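Student: Letter by letter, the chains look like this.
There are 2 protein chains.
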Amino acid sequence: MSEQYFFERPTSRKEKNIKWKTRVEKKVFSGQSKYQKIEVFDTYEFGRMLVLDGLIQLTKKDEPIYHEMLVQPAMFYHPNPKRVLIVGGGDGGSLREVLKHKTVKEVILDDIDEKVIEVSKKYLPFVSKGAFNDKRTKIAIEDGLKYIKNFKNYFDVIIMDATDPRPRDIAIGLFQKPFLKDAYKAMAKDGIISIQSGWVIENFSKMTRKNIKAIFPHMKLHRAFVPCFPFEEHTFTSGSKKIDLNRVAYQKIKKRFKKRRIKTKYYTPEIHLASSVIPNTWKV
Amino acid sequence: MSEQYFFERPTSRKEKNIKWKTRVEKKVFSGQSKYQKIEVFDTYEFGRMLVLDGLIQLTKKDEPIYHEMLVQPAMFYHPNPKRVLIVGGGDGGSLREVLKHKTVKEVILDDIDEKVIEVSKKYLPFVSKGAFNDKRTKIAIEDGLKYIKNFKNYFDVIIMDATDPRPRDIAIGLFQKPFLKDAYKAMAKDGIISIQSGWVIENFSKMTRKNIKAIFPHMKLHRAFVPCFPFEEHTFTSGSKKIDLNRVAYQKIKKRFKKRRIKTKYYTPEIHLASSVIPNTWKV
Numbered sequence: 001m002s003e004q005y006f007f008e009r010p011t012s013r014k015e016k017n018i019k020w021k022t023r024v025e026k027k028v029f030s031g032q033s034k035y036q037k038i039e040v041f042d043t044y045e046f047g048r049m050l051v052l053d054g055l056i057q058l059t060k061k062d063e064p065i066y067h068e069m070l071v072q073p074a075m076f077y078h079p080n081p082k083r084v085l086i087v088g089g090g091d092g093g094s095l096r097e098v099l100k101h102k103t104v105k106e107v108i109l110d111d112i113d114e115k116v117i118e119v120s121k122k123y124l125p126f127v128s129k130g131a132f133n134d135k136r137t138k139i140a141i142e143d144g145l146k147y148i149k150n151f152k153n154y155f156d157v158i159i160m161d162a163t164d165p166r167p168r169d170i171a172i173g174l175f176q177k178p179f180l181k182d183a184y185k186a187m188a189k190d191g192i193i194s195i196q197s198g199w200v201i202e203n204f205s206k207m208t209r210k211n212i213k214a215i216f217p218h219m220k221l222h223r224a225f226v227p228c229f230p231f232e233e234h235t236f237t238s239g240s241k242k243i244d245l246n247r248v249a250y251q252k253i254k255k256r257f258k259k260r261r262i263k264t265k266y267y268t269p270e271i272h273l274a275s276s277v278i279p280n281t282w283k284v
Numbered sequence: 001m002s003e004q005y006f007f008e009r010p011t012s013r014k015e016k017n018i019k020w021k022t023r024v025e026k027k028v029f030s031g032q033s034k035y036q037k038i039e040v041f042d043t044y045e046f047g048r049m050l051v052l053d054g055l056i057q058l059t060k061k062d063e064p065i066y067h068e069m070l071v072q073p074a075m076f077y078h079p080n081p082k083r084v085l086i087v088g089g090g091d092g093g094s095l096r097e098v099l100k101h102k103t104v105k106e107v108i109l110d111d112i113d114e115k116v117i118e119v120s121k122k123y124l125p126f127v128s129k130g131a132f133n134d135k136r137t138k139i140a141i142e143d144g145l146k147y148i149k150n151f152k153n154y155f156d157v158i159i160m161d162a163t164d165p166r167p168r169d170i171a172i173g174l175f176q177k178p179f180l181k182d183a184y185k186a187m188a189k190d191g192i193i194s195i196q197s198g199w200v201i202e203n204f205s206k207m208t209r210k211n212i213k214a215i216f217p218h219m220k221l222h223r224a225f226v227p228c229f230p231f232e233e234h235t236f237t238s239g240s241k242k243i244d245l246n247r248v249a250y251q252k253i254k255k256r257f258k259k260r261r262i263k264t265k266y267y268t269p270e271i272h273l274a275s276s277v278i279p280n281t282w283k284v
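These protein sequence lines map, in sequence, to chains D and V. Under the working numbering, the first residue of the first sequence carries the number 1, and numbering increases by one thereafter. Under the working numbering, the first residue of the second sequence carries the number 1, and numbering increases by one thereafter.
These are calculated hints, taken from the structure and not from any lab test. No experiment lies behind these values; they were computed from the predicted model shown. Incorrect hints may have been included.
[Said to hold, decoys possible] Taking lysine-lysine and the PhoX-like style, the derived pairs with C-alpha atoms no more than 20 Å apart in a straight line are:
1) D/Lys265 with V/Lys283
2) V/Lys27 with D/Lys61
3) D/Lys121 with D/Lys34
4) D/Lys263 with V/Lys82
5) V/Lys27 with D/Lys21
6) D/Lys19 with V/Lys102
7) V/Lys102 with D/Lys16
8) V/Lys102 with V/Lys82
9) V/Lys61 with D/Lys27
10) V/Lys27 with D/Lys16
11) V/Lys21 with D/Lys16
12) D/Lys21 with V/Lys16
13) D/Lys283 with V/Lys252
14) V/Lys61 with D/Lys61
15) V/Lys82 with D/Lys19
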């Protein structure tokens, strides 16, 4: 039998000029939900891999980098995060990271696509690691754009864990101003939002930074290289209502990290600091 | 006409499981030297690109990240670098970085392959930016393994800018103990060596760290993501005879950076610090 490869669907200009593929051991699942095509592969380099509408969402090899860097900086910027909302993230990885904090009393995971949760529970249990069964977890299957309007002054941390949005994809609204304004209102006075914002050069990444700056008084960027999203470093954009994210001292992060005693594979207070140094070449 | 792509020659296990290609506008040069095949392409994503024996060496887009991160940490760890040796680096990028420091009185660039220098001068002048014409520059066309034996207690900084070595490639000896021992002897008492050491997972990268640890009392790793070497971050390994690289304070680097007034695109004292934070997942 000939070798099989997964090609990522080319989208942006950049991806037209670079093509890559990764060798597949077998296709584990393929199905269509109401919203998107869902596939799971076993690959030689990355291990098990989740793909939505042709775009890689996570792999066993490097999902800890992605999920820890999306969730932990925001959780440690906040002095005492109790109520958390995750929008998207149906695979349960962000949920797992939030629940590591004993300060947390309630997490709502709102994903529009129930099928992603189902498939992830069945084929990617190493991602959620039982987080769906935690007593503090509530699941909502609703459009995040509408669901967020149910809350006022409520969440300490909001995690926005949506796929890179293409112009007509379902996730685009989650990076736009109306949603981010509603998120602002849904957050408590010390509230922090952390958004997966892809490669710094992507249009939706620029849009995210622009919108966060327009709506929130404080913005902060973290970066990390995630191998299954090659060719650029990945960015994570935070917005804050009151806490000045540039003035939360490294020593404070270190102290909180020690006190909350959470276990991480990639994130540490040192990585927190290092990942917040943004190269001048990025011009952000 | 159909689209043309450059495929990088697959080498390691990892590269067997991931394949990638980048779109080529035109082939600018192709020739064979005594030692290797030399090619220059214009690409859509990376601009002009130098390829030796099928392996990408540098691209216009990201060579400043590579050359600054190979050269500048070592130059700033040293309080007063006057004499510098570059082994390899026939493109002149490392030479350009070294010459930015006014402390430097003499730089010797020793590349075994004169043809690489010739081709780089002609087709990649944006890399050396006139560095070959600087009065402080001397060129040696000799095998580095032999050439290094001419010096004792002489260089303040040695830059090892060789291609990723494959078992039978010409560069392999530059990562092995005999050469590194000779480099130790060729260095002044405060001497520092900086070595391009590829992806942290590569065998030659592990070998480099092991050999540096065995020969030098101090070792330090820096990392940076260089897009033309995708799928992992790139590493730069330093060894030091006397100066404890882990105890050169950030404030000292900052002070030297300000005093020497050099201009960089990517490297800053903040990046110096951030790039020296190594993820726990790397287990180095």
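Student: Decide, hint by hint, whether the structure agrees.
Tutor: Each hint, compared with the structure:
Taking the CA atoms of lysine 265 of chain D and lysine 283 of chain V, the gap is near 11 Å; set against the 20 Å cutoff, the hint holds. Distance hint between lysine 27 of chain V and lysine 61 of chain D is unfulfilled; the C-alpha atoms sit about 36 Å from each other, more than 20 Å. Our distance criterion of 20 Å between C-alpha atoms is met by lysine 121 of chain D and lysine 34 of chain D, whose separation comes to about 18 Å. Our distance criterion of 20 Å between C-alpha atoms is broken by lysine 263 of chain D and lysine 82 of chain V, whose separation comes to about 46 Å.
This hinted pair does not check out: lysine 27 of chain V and lysine 21 of chain D have alpha carbons roughly 24 Å apart, beyond 20 Å. Between the alpha carbons of lysine 19 of chain D and lysine 102 of chain V the distance comes to roughly 43 Å, so the proposed pair goes past 20 Å and is violated. For the hint linking lysine 102 of chain V to lysine 16 of chain D, the alpha-carbon distance of about 43 Å lies beyond 20 Å, and the restraint is violated. For the proposed pair lysine 102 of chain V and lysine 82 of chain V, the alpha carbon gap of about 9 Å is at most 20 Å, so the pair holds.
For the hint pairing lysine 61 of chain V with lysine 27 of chain D, the CA-to-CA distance comes to about 36 Å; that exceeds 20 Å, so the pair is violated. Between lysine 27 of chain V and lysine 16 of chain D the CA atoms are separated by roughly 19 Å; this keeps the pair inside 20 Å, and the hint holds. Between lysine 21 of chain V and lysine 16 of chain D the alpha-carbon distance is near 11 Å, which keeps this suggested pair within the 20 Å criterion. At roughly 11 Å between alpha-carbon atoms, lysine 21 of chain D and lysine 16 of chain V fall within 20 Å of each other, so this suggested pair holds.
Proximity of lysine 283 of chain D to lysine 252 of chain V is assessed by CA-CA distance (about 26 Å); at most 20 Å being required, the pair is judged violated. Taking the CA atoms of lysine 61 of chain V and lysine 61 of chain D, the gap is about 28 Å. The hint is violated against a cut of 20 Å. Our distance criterion of 20 Å between C-alpha atoms is broken by lysine 82 of chain V and lysine 19 of chain D, whose separation comes to about 45 Å.
Violation of the numbered hints given earlier is confined to hints 2, 4, 5, 6, 7, 9, 13, 14, 15; the remaining hints are satisfied by the structure.
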